[in-house]
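Colleague: The primary structure of each chain is shown beneath.
2 protein chains.
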Amino acid sequence: MALIVQKFGGSSVADAEGIRRVARRIAQTKRAGNDVVAIVSAMGDTTDDLIDLANEVTKKPPAREMDILLTAGERISMALLAMAVNDLGIEAHAYTGQQAGLKTDNKYGRASIVGVIPERIVRTIKSGAVAIVAGFQGVNVETNDVTTLGRGGSDTTAVAFAAALNADACEIYTDVDGVFSADPRVVPAARQIKVMTYEETLELAAHGAKVLHLRAVEFARRYKVPLHVRSSFSDKEGTWIVDENSTKINATEAPAVSGVSHDRSQGKVSIVGVSDAPGSASKIFAIVAQADGNIDMIVQNTSLTNPGISNISFTVPSEQVEDVVAALEAHKEDIGFREIQTVKSIGILSIVGEGMRSHTGISARLFDTLAKEGVNIDMISTSEIRISVVVDPERLEEAARAVHSAFGLDSQLGEAVVYGGTGR
Amino acid sequence: MALIVQKFGGSSVADAEGIRRVARRIAQTKRAGNDVVAIVSAMGDTTDDLIDLANEVTKKPPAREMDILLTAGERISMALLAMAVNDLGIEAHAYTGQQAGLKTDNKYGRASIVGVIPERIVRTIKSGAVAIVAGFQGVNVETNDVTTLGRGGSDTTAVAFAAALNADACEIYTDVDGVFSADPRVVPAARQIKVMTYEETLELAAHGAKVLHLRAVEFARRYKVPLHVRSSFSDKEGTWIVDENSTKINATEAPAVSGVSHDRSQGKVSIVGVSDAPGSASKIFAIVAQADGNIDMIVQNTSLTNPGISNISFTVPSEQVEDVVAALEAHKEDIGFREIQTVKSIGILSIVGEGMRSHTGISARLFDTLAKEGVNIDMISTSEIRISVVVDPERLEEAARAVHSAFGLDSQLGEAVVYGGTGR
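These protein sequences, in sequence, are chains A and B.
Note that the working numbering has the first sequence beginning at 47, numbered continuously upward.
Note that the working numbering has the second sequence beginning at 47, numbered continuously upward.
Among the hints, erroneous ones may be present.
Computed from the model, here is a short list of chain A residues facing chain B with C-beta under 7 Å [what the hints assert, rightly or not]:
id	residue
1	Thr104
2	Pro107
3	Leu115
4	Ala125
5	Leu126
6	Ala128
7	Asn132
8	Asp133
9	Ala140
10	Arg231
Below, simulated EDC-like cross-link-like pairs (lysine to aspartate or glutamate); rule was C-alpha separation at most 16 Å, straight line [to be verified]:
id	chain 1	residue 1	chain 2	residue 2
11	B	Lys390	B	Glu368
12	A	Lys105	B	Asp133
13	B	Lys105	A	Asp133
14	B	Lys106	A	Asp133
15	A	Lys106	B	Asp133
16	A	Lys105	B	Glu63
Calculated directly from the structure, the hints in this document are not laboratory data.
This structure is a prediction, so every number in the text was calculated from the model and none was measured.
Beta carbons: idealized from backbone N, C-alpha and C, even for Gly.
With the hints as constraints, model all of the structure from the sequences given.
Modeller: And the structure:
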């Protein structure tokens, strides 16, 4: 008998019919002989509606009360889902984050999990019943007040319970069949990935792919929780996300590249004429960090014609460009530079694959493909399993298609690609 | 400095504007130098909407999950109200029934309060802040699960906290100016009662007047909590409901009759030809009780022409008549009677007043007034401070007007009577 944690997002439980469909899925898993713990988000737009209500009442809602308000959303969906599962003849009980034993710090609105003590959940599944748990919420261990986990909180809740219960799998239900080798809206030949590692998932998610929230994947990696991203509309196997030593991975001939992601949410800041003295770069990045700038790529080059002077370029989310530049200009004297140039919107293309650790010639093939397409490369950054290039955002989508094809990722003739949105 | 518990019903907090209006009322009370604990119901139709959702999902919602679902309503309103009070520059914190320390038994949907341990509320008001508490809900002391108190639960919550905190007053806000000497929709000359006893309130509420829920008034009587029923739309004094020994009562010349109520929700069951043997009546009422029949009045008369045979009539809510008759017919042999006659809908007129304890001639004046109006009396029942008569429901309203006038209750010329609905 396996223990399965299943997570259902707000779009899966948007109305009574959705709730009944999810209940049938839970019942089916239970009847197949598994123990089931289901994590559920608030119904459809409930959370947004509650935020609107708060904004009607006050311009500055207190954080503690905001969390009390928002947690009403999962309270409703978890109770209804438990009712729907009971209606199918399977005993089910609903628990708030607090009742389920999810302990957090005191940072309302973006609390971190400090522990999971799932006593009631263990008792419930031992008794043969299904446990339904509210996602996105926990309890502040200092005050016993309710907290919310912030963006991606329900995914993280599911992984946390899967880890605490030592579950055999944590199924993340969505409205697509799994994780794709590229965004099918841009690369129609994209195919569903059968299995991938946590690292690949993290790299893809961090570079534009709407896969899962980074936080949930990091949690899964830390506790080696096997994730299974799959569709709530079909019984097909989805995408498994596992440890690199998993037998699932070994059973597969890993391709050099698993996926191609593209990102047009970043901008570029170039600081020109920085005096090439020790400490210049560290000053710059301390200031950017203070301004909450979220840096992805950095390139520094020293001028050949003017030794002792260098240029430093980095990427940050487009909406942060203005604040970061203002912060740097405010410290112009201290840092010592000539001027700042910015590009509000750049294109970033990334290829990701565990295979890069062993395969050679990957970067050559990437650059060659882009050259043949006439796409110019502005910046390059790499990790052990990723190569990212900054390109003209106008050329980003054709570049993605060409690269996807060049690395042999295009789906076979006749392979159905189902894609209905991001599901996030 | 006084401690005031204020209770606001769902219609007072039906939307953001209502919530802001209630917040201003709380702020005004606090700024006047009082400590304030506010009990709040769910917004407008929220509870009904949640019940509808449950019914869409299943025909038989489990009771525990139903309570989890319904308590989401007050969770939303209490958080929003706390935000709105904070917005006015007064610190306020919201607490669920559980956090506020309201302990109940395990009867989901209609839990009884077993105790109130308002530690966090005391700490909050001692710190100078306002405490906002969710009405209608508590925590099952056996399992730590949330429970709801059933109908009138928010009124009862307010009274329970007023008792536990030894509050100076428990203000019940509604959309009318207070309690009236009769229903102004039927008796236009009805006037607002300034002060009345718990017993009077209980008798009126039990006999058709939509005043307050019986349970809340009984709780108030037991713990001698002064109730103040008043309008959330004006600053006028409302109706005080107090102990008979209160100085408020002594300061007033109590009239013989305080109020007139009418009730058309009852039906009549007459069992004809019951053998007048010891135990017949007890058999009958045991069977009615088993069928959940809620008896109000009982009349038994022995046939003069046929000694040893009696007729027994009683009143129950109209919707219970059918079930009660079926239960009695099923035991016809055992009880021994000839036949059952029913009237689905009867009229009951009641007059209530502490003055009845001392004044004489009250019943004579009642019967005389009805006789002059040509209204026939079918049954009579009395308590120390109440006389009720069953009359033709077609004549009920004119009878109420005539009796109201005969006991000198009609409002003076020029006295404004404001009435906007029942507010329950």
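Colleague: Any CB of chain B closer than 7 Å to the CB of asparagine 132 of chain A?
Modeller: 5 Å, holds
Colleague: Would the hint on arginine 231 of chain A stand, with a C-beta cut-off of 7 Å toward chain B?
Modeller: 34 Å, violated
Colleague: Does the alpha-carbon distance linking lysine 390 of chain B and glutamate 368 of chain B stay inside the 16 Å limit?
Modeller: 9 Å, holds
Colleague: Lysine 106 of chain B and aspartate 133 of chain A were given as a pair; does the straight-line alpha-carbon distance stay at or below 16 Å?
Modeller: Roughly 7 Å between the alpha carbons, so the hint for lysine 106 of chain B and aspartate 133 of chain A holds.
Colleague: Given alanine 140 of chain A was flagged as interface, is its beta-carbon under 7 Å from a beta-carbon of chain B?
Modeller: 5 Å, holds
Colleague: Was the hint right that leucine 126 of chain A lines chain B, CB cutoff 7 Å?
Modeller: 5 Å, holds
Colleague: Please check whether aspartate 133 of chain A passes as an interface residue: C-beta within 7 Å of a C-beta belonging to chain B.
Modeller: With a minimum Cβ separation of about 4 Å from chain B (threshold 7 Å), the hint on aspartate 133 of chain A holds.
Colleague: Quick check on alanine 128 of chain A please, does its C-beta sit within 7 Å of some C-beta on chain B?
Modeller: Cβ of alanine 128 of chain A sits 5 Å from chain B, so the hint holds.
Colleague: Against chain B, run the beta carbon of threonine 104 of chain A and see if the smallest gap drops under 7 Å.
Modeller: 4 Å, holds
Colleague: With chain B as the partner, please determine if leucine 115 of chain A meets the hint condition of a C-beta pair closer than 7 Å.
Modeller: 4 Å, holds
Colleague: Report holds or violated for the interface hint on alanine 125 of chain A, using the least CB-CB distance to chain B and a cut-off of 7 Å.
Modeller: 4 Å, holds
Colleague: For the pair we were handed, lysine 106 of chain A and aspartate 133 of chain B, check the Cα-Cα distance against 16 Å.
Modeller: Cα-Cα ~7 Å, so holds.
The structure does not agree with numbered hint 10 stated previously, though it agrees with all others.
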